[in-house]
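Enquirer: Protein sequence lines correspond, in order, to chains W and R.
Mapping of the first sequence onto my numbering: position 268 corresponds to residue 268, and the numbering continues sequentially without gaps.
Mapping of the second sequence onto my numbering: position 115 corresponds to residue 115, and the numbering continues sequentially without gaps.
Since no wrong hints were added, every one of them can be taken at face value.
Heads up, simulated BS3-like pairs for lysine-lysine below, C-alpha to C-alpha not over 27 Å straight-line:
#1 W:K188 <-> W:K235
#2 W:K235 <-> W:K2
#3 R:K338 <-> W:K617
#4 R:K63 <-> R:K53
#5 W:K289 <-> W:K274
#6 R:K274 <-> W:K24
Here are some of the chain R residues that sit facing chain W, going by a computed Cβ distance under 10 Å:
#7 P107
#8 T162
#9 R180
#10 S207
#11 H211
#12 V217
#13 M224
#14 L227
#15 R249
#16 F252
#17 F329
#18 G341
#19 A346
#20 Q347
Covered, in the sense of this in silico footprint (three residues per stretch, anywhere, with C-beta under 8 Å from a C-beta of chain R), are these stretches of chain W:
#21 458-467
#22 472-480
In case anyone wonders, no lab produced these hints; they're calculated from the structure.
Built from N, CA and C at the ideal position, the CB exists for glycine as well.
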Amino acid sequence: MKFTFSWLKEHLDTDRSVDEIAEKLSLIGLEVDGIEDKAKLLAPFVVGHVTAARQHPNADRLKLCTVDMGSGTFEVVCGAPNARAGIKGVYAPEGSWIPGSDMTLKKSRIRGIESRGMLCSERELLLSEEHDGIIELPDDAVIGAGVAELLGVSDAVIEIGLTPNRPDCAGVRGIARDLAAAGMGALKPLDDSPVPGLFESPVKWRIDLPVETADACPLVVGRYFRGVTNGPSPKWLQDQLTAIGLRPISALVDITNYCTFGLARPLHVFDADKVAGDLVMRMARPGEKILALDGETYELEPDMLAIADANGVQSIAGVMGGESTGCGDDTKNMFLEIALFDPIRTAATGRRLDVMSDARYRFERGVDPTSAMWGAEVAARLILDICGGEASEIAVAGAEPDWARRQPLRKSRITALGGVHLPPGLPAKILADLGFDNEDDGEIIHASIPPWRPDIDGEADLVEEILRIHGYDNIPAVPMDRDMVVPHPALDVAQRRVSRVRRALAANGLIEAVTYSFMSDADANLFGGVPESLRIGNPISADLNVMRPSVLPNLAAAAGRNGARGAGDVALFEIGPQYSDATPDGQSQMAAGLRVGNSIPRHWTGPARPVDAFDAKSDVLVALESAGAPGENLRITRDAPGWYHPGRSGVMWLGKTEIARFGELHPDIAAHYDLRGTAVAFEVFLDVVPPPRAGRGPARPLLKTSPFQPVERDFAFVVDTDVASDAVMRAARGADKTLITGVQLFDIFEGASLGDGKKSLAIAVTLQPTEATLTDAEIDAISDKITAAVTKATGGVLRG
Amino acid sequence: MDNHDQLRSDLLSRIADADLGRLEELRVEALGRKGAISEMMRGLGALPGDQRKDAGQALNALKTEIASAIDARHAMLSSAGLEARLATETIDITLPSRPHADGRIHPISQTIDEMVAIFCEMGFRVAEGPHIEDDFHNFTALNIPPEHPARQDHDTFYLTETEDGARPVLRTHTSPVQVRTMQTSEPPIRIVVPGRTFRADHDATHSPMFHQIEGLVVDENTHMGHLKGCLTEFWRAFFGMDDLPVRFRPSFFPFTEPSAEVDIGCSREGGGLKIGGSDWLEILGCGMIHPRVLENCGIDSSRYQGFAFGLGIERAAMLKYGIPDLRTFYESDLRWLKHYGFPALAQPTIAGGLTP
Numbered sequence: 001m002k003f004t005f006s007w008l009k010e011h012l013d014t015d016r017s018v019d020e021i022a023e024k025l026s027l028i029g030l031e032v033d034g035i036e037d038k039a040k041l042l043a044p045f046v047v048g049h050v051t052a053a054r055q056h057p058n059a060d061r062l063k064l065c066t067v068d069m070g071s072g073t074f075e076v077v078c079g080a081p082n083a084r085a086g087i088k089g090v091y092a093p094e095g096s097w098i099p100g101s102d103m104t105l106k107k108s109r110i111r112g113i114e115s116r117g118m119l120c121s122e123r124e125l126l127l128s129e130e131h132d133g134i135i136e137l138p139d140d141a142v143i144g145a146g147v148a149e150l151l152g153v154s155d156a157v158i159e160i161g162l163t164p165n166r167p168d169c170a171g172v173r174g175i176a177r178d179l180a181a182a183g184m185g186a187l188k189p190l191d192d193s194p195v196p197g198l199f200e201s202p203v204k205w206r207i208d209l210p211v212e213t214a215d216a217c218p219l220v221v222g223r224y225f226r227g228v229t230n231g232p233s234p235k236w237l238q239d240q241l242t243a244i245g246l247r248p249i250s251a252l253v254d255i256t257n258y259c260t261f262g263l264a265r266p267l268h269v270f271d272a273d274k275v276a277g278d279l280v281m282r283m284a285r286p287g288e289k290i291l292a293l294d295g296e297t298y299e300l301e302p303d304m305l306a307i308a309d310a311n312g313v314q315s316i317a318g319v320m321g322g323e324s325t326g327c328g329d330d331t332k333n334m335f336l337e338i339a340l341f342d343p344i345r346t347a348a349t350g351r352r353l354d355v356m357s358d359a360r361y362r363f364e365r366g367v368d369p370t371s372a373m374w375g376a377e378v379a380a381r382l383i384l385d386i387c388g389g390e391a392s393e394i395a396v397a398g399a400e401p402d403w404a405r406r407q408p409l410r411k412s413r414i415t416a417l418g419g420v421h422l423p424p425g426l427p428a429k430i431l432a433d434l435g436f437d438n439e440d441d442g443e444i445i446h447a448s449i450p451p452w453r454p455d456i457d458g459e460a461d462l463v464e465e466i467l468r469i470h471g472y473d474n475i476p477a478v479p480m481d482r483d484m485v486v487p488h489p490a491l492d493v494a495q496r497r498v499s500r501v502r503r504a505l506a507a508n509g510l511i512e513a514v515t516y517s518f519m520s521d522a523d524a525n526l527f528g529g530v531p532e533s534l535r536i537g538n539p540i541s542a543d544l545n546v547m548r549p550s551v552l553p554n555l556a557a558a559a560g561r562n563g564a565r566g567a568g569d570v571a572l573f574e575i576g577p578q579y580s581d582a583t584p585d586g587q588s589q590m591a592a593g594l595r596v597g598n599s600i601p602r603h604w605t606g607p608a609r610p611v612d613a614f615d616a617k618s619d620v621l622v623a624l625e626s627a628g629a630p631g632e633n634l635r636i637t638r639d640a641p642g643w644y645h646p647g648r649s650g651v652m653w654l655g656k657t658e659i660a661r662f663g664e665l666h667p668d669i670a671a672h673y674d675l676r677g678t679a680v681a682f683e684v685f686l687d688v689v690p691p692p693r694a695g696r697g698p699a700r701p702l703l704k705t706s707p708f709q710p711v712e713r714d715f716a717f718v719v720d721t722d723v724a725s726d727a728v729m730r731a732a733r734g735a736d737k738t739l740i741t742g743v744q745l746f747d748i749f750e751g752a753s754l755g756d757g758k759k760s761l762a763i764a765v766t767l768q769p770t771e772a773t774l775t776d777a778e779i780d781a782i783s784d785k786i787t788a789a790v791t792k793a794t795g796g797v798l799r800g
Numbered sequence: 001m002d003n004h005d006q007l008r009s010d011l012l013s014r015i016a017d018a019d020l021g022r023l024e025e026l027r028v029e030a031l032g033r034k035g036a037i038s039e040m041m042r043g044l045g046a047l048p049g050d051q052r053k054d055a056g057q058a059l060n061a062l063k064t065e066i067a068s069a070i071d072a073r074h075a076m077l078s079s080a081g082l083e084a085r086l087a088t089e090t091i092d093i094t095l096p097s098r099p100h101a102d103g104r105i106h107p108i109s110q111t112i113d114e115m116v117a118i119f120c121e122m123g124f125r126v127a128e129g130p131h132i133e134d135d136f137h138n139f140t141a142l143n144i145p146p147e148h149p150a151r152q153d154h155d156t157f158y159l160t161e162t163e164d165g166a167r168p169v170l171r172t173h174t175s176p177v178q179v180r181t182m183q184t185s186e187p188p189i190r191i192v193v194p195g196r197t198f199r200a201d202h203d204a205t206h207s208p209m210f211h212q213i214e215g216l217v218v219d220e221n222t223h224m225g226h227l228k229g230c231l232t233e234f235w236r237a238f239f240g241m242d243d244l245p246v247r248f249r250p251s252f253f254p255f256t257e258p259s260a261e262v263d264i265g266c267s268r269e270g271g272g273l274k275i276g277g278s279d280w281l282e283i284l285g286c287g288m289i290h291p292r293v294l295e296n297c298g299i300d301s302s303r304y305q306g307f308a309f310g311l312g313i314e315r316a317a318m319l320k321y322g323i324p325d326l327r328t329f330y331e332s333d334l335r336w337l338k339h340y341g342f343p344a345l346a347q348p349t350i351a352g353g354l355t356p
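Chain W with its partners taken away, still in its complex shape (with noise of 0.2 Å):
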């Protein structure tokens, strides 16, 4: 919503500053979005007088201009076509800035002759996008004058951001009552004294409307003028619309806009000669079509509110007239509308129909219900003044709904709500200023609530308007009341759970990213799908089209992207959502993780080492072991998904429950993403780590120590090649669960000597006495055990 500050002092009388005023939009809750000072902008432009023009020497296109600026005469090059002596222009001396071309002047040499300061267009002083030639000033203009006035831009003009509760404010009338409240100074009177019609109205106003959507137009006003002239406003007119951004058209159809952007009360005229008949408030009928002032032609549809007459539908109503009745410099008869529509509707019909108008951003918000009268008059008199004519009685069709609404206030509330206290007489003042009459009891304060304001609802909306004219500022800052000194954790179990997994998955050498949570259908179809429940109806992109049944493909193709950028190995993860449906509990939180190309690079204390499946299961077992997931407990099965590589991955599962899936990527997809080298993956499912024991307080069991030496005791077992390593390690774990405290793998080794299908796995088993030192044949006694246990669990002989 813009304005200028001379539009807002015909309704404020007011001695501030626009500074003041613009600081005081803000603090009110009127937030400035930018203030346009065109008089500073312009301070150091001046009327210049070219006393002489001659050709340039060196270019056909250029004269040679000699200018009176008052304090000097410069000489000035100057390509426009309209450069001659005696007019008067607007001169730019040097080191004025332009602001059109965004440039400091300075004296330069244009095809060899010195030029100093500059003769304006109107682009370069933004004042419209006219480049064809110098602005020409009246004859009367005084030499070395300020240009602001004369370019009619004298003006401020400030922009303030419109919350969507303040259709008062959608008028200058509206914000100029909010800054009266606040002690800006006084809100002027508006005239809406009746204007005596002179005769009947020839065009009559009908609602044809079914019970059902009768609220679609509760009441419509028309007011006929005959005998008007149109044609260009008066400049007071135009230069007020034009300082704000709208393009003036003709008298009448200004002032609709004057009395739009002033009073918040849109118009609408139509050239009654063009009007058949009577006009009428109907719902649209399937295909109407209206070619509309904009210059569209658009297709309504049932549920639309359209005003018509015997010839059809000749405006969208509340959203934008029609052509074919609209007002031109020779309309001598008009008729004007003044309606309230639907706040919901007309914002649903424009929404559709993908038009923004200055009515419909004023209906959708709520206009005063009584200014379909007091409108009547207050456009009449604007009409009769300007346009001359005669003016009919009001045409009326439907009733003022009933907007009277009270609203009690108990004063403690603003204390209570507000932590402010105010002097016992300021609220009823303040909320009288705003235009809500009402008494005070001393305790409970009873608001009639003024009918431009359909926002208020409640008691609490009565404290926050006492507050916000009172000033945010003025309520004291305290601290939160703390119940305890030293406060509890913010996180709980889980969330800690995944604060530790984070950190330890980047010092384990992962960089932490975070990636959308939907990605391409593509994408996910590689990935497992998803269901179609999880389709995002309204995705902005193709690429961005479903929610993510896995976090791994947007980690591949960040993977890809910065291998193309040239980086060479990479090594990310991501703590976040995976879904498998649109429930709640269709969403699991994910540590997912994925490293391509080496582990261990290139270096002069060895060679690379490219990744492998045992990186990413240290990355799970990293995460699980930060997440306090028991580690002993976890078992591993091959049936990883398919997006791994079949023979070099696995599922870890407590009892029952997946918990990870770890493994080298499988070689379609890593040539899908273009990863180069190995790409090794992980999943982990932090949601499913148990909790810890309840119970448990945070001491731990008593350590116990031996006195006596551990033995370490080294195997070598020949097993089928296909035998896992783990059921040899568990096996020799499980031969003498109290002695035997570790078992470490340490060689694997396949060859010749060993037989095709064989393999040799060799161990270090640690034996830990509690009793005493163990004897050579307790500890024969043990091995024995170790081979016997592993023999029958895996088949595996000792190697001789």
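Given chain W, work out where chain R should sit, using these hints.
Expert: Quick look at chain R alone, frame taken from chain W:
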């Protein structure tokens, strides 16, 4: 005695010249059972009693002196030998170290951790909720009825309509978690909700996914003065500026009444944006919870009140850490992540500092 002095000076000079091998021979030659000093010891018996005592003492002193001279020479020679050996073991100490893991924490995670640390100090706990929401939690409960213009402003992503005609949405703000928390717990409530949010908007300053942190306080006494105190302290702690100007302006949100926007002081001199200064930068929206929202969530609005706020995490991170472009947060460019990311162990805490 001449004999004695002669032996002493002879041995000492030979010890001084001996290498390790020769030194062992000298030890035998002087102190061994058949050595010179032992021989002289044995000769003592032939002397008269009074001379014997003096000579014995002198011989013992000589023996001690020679032994310590040998030890000293031995120690000297061993250490010199070690030094000589070590000198041959020199390496190029400027060679690059073994590669070590060098992970990073994303600025969004780090910023959330910082914010949570501050709010924890003010008694808030962290709550979370689903990203795919229903209409009630994302809109209706928050006093945004179906035809409310705010619904249009939210640029909502909708999922496929379900069989019963419902259309799940991607939550447009973290506020649904307010609703879920109020529905399932009794006041007093004091939570912050960090998390992903989604809006169908994509340009230089909008991302279809971004992060918010939401705050909610419900009890019997909390008023706007507390809201001002809470958020003023928060921003000052977050930016580490005790005198950061913070200003509250009236605004409008359907779910709060009264509503406010918060500006912090900034400076735009020289084209760059700097936190702190006399200009204003809008940074969050907040307000007292609308009584209808409390009622929608099953909380008695005649007894309870409180405030809510919501702010953008990326924006706060951009302002604090000088990150120029929103879109880069989600591009997973390793150069960016390494540059703007944080060390794994730089966990922000009040005790240890919020900013690494």
